[in-house]
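Q: Generate the whole structure from the sequences, applying the supplied hints.
Note that the protein sequences, when read in sequence, are chains D and P.
Be aware that the first sequence starts at 100, since it is given in the working numbering, and climbs by one per residue.
Be aware that the second sequence starts at 73, since it is given in the working numbering, and climbs by one per residue.
If you are wondering where the hints come from, they were derived from the structure by calculation, not from laboratory data.
All figures in this text were calculated on a predicted structure; none of them were measured in a lab.
It cannot be assumed that every hint is accurate.
[What the hints assert, rightly or not] Calculated cross-link-like contacts (lysine to any residue; reagent style SDA-like; alpha-carbon spacing at most 20 Å):
{"id": "1", "chain 1": "D", "residue 1": "Lys324", "chain 2": "D", "residue 2": "Arg191"}
{"id": "2", "chain 1": "D", "residue 1": "Lys324", "chain 2": "D", "residue 2": "Ile263"}
{"id": "3", "chain 1": "D", "residue 1": "Lys324", "chain 2": "D", "residue 2": "Gly379"}
{"id": "4", "chain 1": "D", "residue 1": "Lys324", "chain 2": "P", "residue 2": "Gly151"}
{"id": "5", "chain 1": "D", "residue 1": "Lys324", "chain 2": "D", "residue 2": "Gly377"}
{"id": "6", "chain 1": "D", "residue 1": "Lys324", "chain 2": "P", "residue 2": "Arg150"}
{"id": "7", "chain 1": "D", "residue 1": "Lys324", "chain 2": "P", "residue 2": "Ala325"}
{"id": "8", "chain 1": "D", "residue 1": "Lys324", "chain 2": "D", "residue 2": "Leu269"}
{"id": "9", "chain 1": "D", "residue 1": "Lys324", "chain 2": "D", "residue 2": "Ala258"}
{"id": "10", "chain 1": "D", "residue 1": "Lys324", "chain 2": "P", "residue 2": "His153"}
{"id": "11", "chain 1": "D", "residue 1": "Lys324", "chain 2": "D", "residue 2": "Val384"}
{"id": "12", "chain 1": "D", "residue 1": "Lys324", "chain 2": "D", "residue 2": "Leu265"}
[Claimed, not checked] Covered stretches of chain D, going by a simulated chain P footprint (3 or more residues, C-beta under 8 Å):
{"id": "13", "segment": "298-310"}
{"id": "14", "segment": "368-380"}
Ideal placement from N, C-alpha and C gives every residue a C-beta, glycine not left out.
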Amino acid sequence: MSHVLNALFAPGFFANGPVRAAVVVGAVVALVTGAVGVFTVIRSQAFAGHALGEVGSAGGSLAFLSGTNPLWGYMGIAVVAAGLMEVLGVHRPRARDVATGLVLGAGLGFAALFLYLDTTSSTSTGVTVTILFGSLFTISQPMLPGIVALSAIVLVVIASCYRILLLSSLSPELAAVRGVPVRAVAIAYLVIMAVAVSLAAETIGTILATALLVGPPATALRLTKRPGGAMVVAGLFGVAAVWIGIVLAYDSFYWPPVDHGWPVSFFVVAMVFVFYLGAGVVAAVGRARRNRRVGMFPAMGESGCEPHVDADAA
Amino acid sequence: MFSGFMVNTWIAATMAAAIAGVVGFFVVLRGSAFAAHAIPHGSFGGAAGAVLIGANTILGLGIFAVGGALGIGWLSRRGRHDVATALALVLMLGLGALFLSFSVEYAAAVYSLLFGEVLGVPADELLPMAGLGLTCIVAIAFLYRPLLLTSITPEVAEARGVRPGRIETGFLLVVALASTMTVPVVGVLLMFSLMIGPAATARSFTSSPLRAIGLSVAIALAIVWFGIAIAYLTNYPVGFFVGTLGAVAYGCARIWTAQHRARTAAILTEAPPLAAG
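A: Next up, the structure:
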């Protein structure tokens, strides 16, 4: 038994302080992005989510300049960017794409400026890589309570707005008829997404944050059509991807070709991608089996089913 | 500013801006800004891999850009388009992070690939750039009618036997070619900003496609030339000026069109009989 454990977890895994912090932060953040991301996928806002994460680079590098924690930088800029997208017309279907693209382009411009100032003002050249690609093992312990508290707030907001959010995501017209302030809900959701993606940026970097926001929720929605269930399944997939990523990254210190370990963000992204493809295969097999059972009426097998949730959550 | 190595810079940036202006018009028209962001950005991973094994950077960029374009097309046939784009992008960037961690001298290379290093284009990159750029223009000319048709009236296009899936893949490949040619010189950020800002600005002034393409190229050229000039004088990164100028141009266009509309409305209300007729 201990041989197996030793083969899976390199020596010292459980006694390592940064690793323990990474395990906790990674799990909390994956649960939050899983819950928030289900709505990102349903509302087709993956581009907006990605843009909010990536403009965070500007905030992170500005925070580095002023010596504060990058998380506050990511979040500050992301919330400002969410407001700008709204002003430019992200709520109009035809203008949405351009509004997001313009805010992203301008945000990246500021990131270029601040990262340039970072690299000229300090001797540490790795700041660009750390901000863009993240490093879960360098999360400082004092940040833990802040991250957990922010995550709890996001989860509470999502839970308490669940019904309005779902209705206005699935059918804005029906929601408007029922008296739901659709535009206000959309703005609130952009802000929630900005916070969630900033948390993800803190763990796997600003330009890879999208992987956690979009990947596990899209995977879950391939397996179950019920949004509530999908949020839980997405959270589990996210936690699995982050934890497997941490274990592999820790083990990789003993792998070739270099002696400093492979980046944890790479493993997390790779796991997210594998889960997505795997869920596609599982869903296709399930559809084929149902179609065979239903025989001549394949369409009847399609509606309202949620196959294989348990099999994949394990 | 116009001597020695800077001559190459001006030529390279001018070619990049012209291609970005043309391709960008279709990006904005078709609402494929995410793909236009993902393909050049993801091809960064290919460049990092090429640096690692000592191969030609342009080759690495090209393989990842074309692979990304085909991957987005393949993934979105079985799932949501934006999810497919996001996942293809993060996978390519994740590989980029891996390659970077293996190579020794990366920080400066990362920065110039992401944000561009217009000030210092090697002369032997100009010819391949021109060749790829020409291919892009020819491909766009070839796809011009079906691209417009599938973007504006998808139903008519389908009735005429145009296959939207094939046109979309063809267009993504053009974006891949354009980014292969421009990313090593102008960086991921410049390319993306140059495709969105000028084209969106041009579209708010005119609805005629050819006029909008011309205007978009003109604005892109103005932004790039202006950006390089300020960057040369101030020593700040050129990506900052190009990224923000694109947004500023669009902001000005929005204000101008809003005022224009208000003025027209005012004239119409002052002369009600004419407006009624």
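Q: Under the constraints set out in the numbered hints, which ones does this structure not fulfil?
A: Violated: hints 1 and 7.
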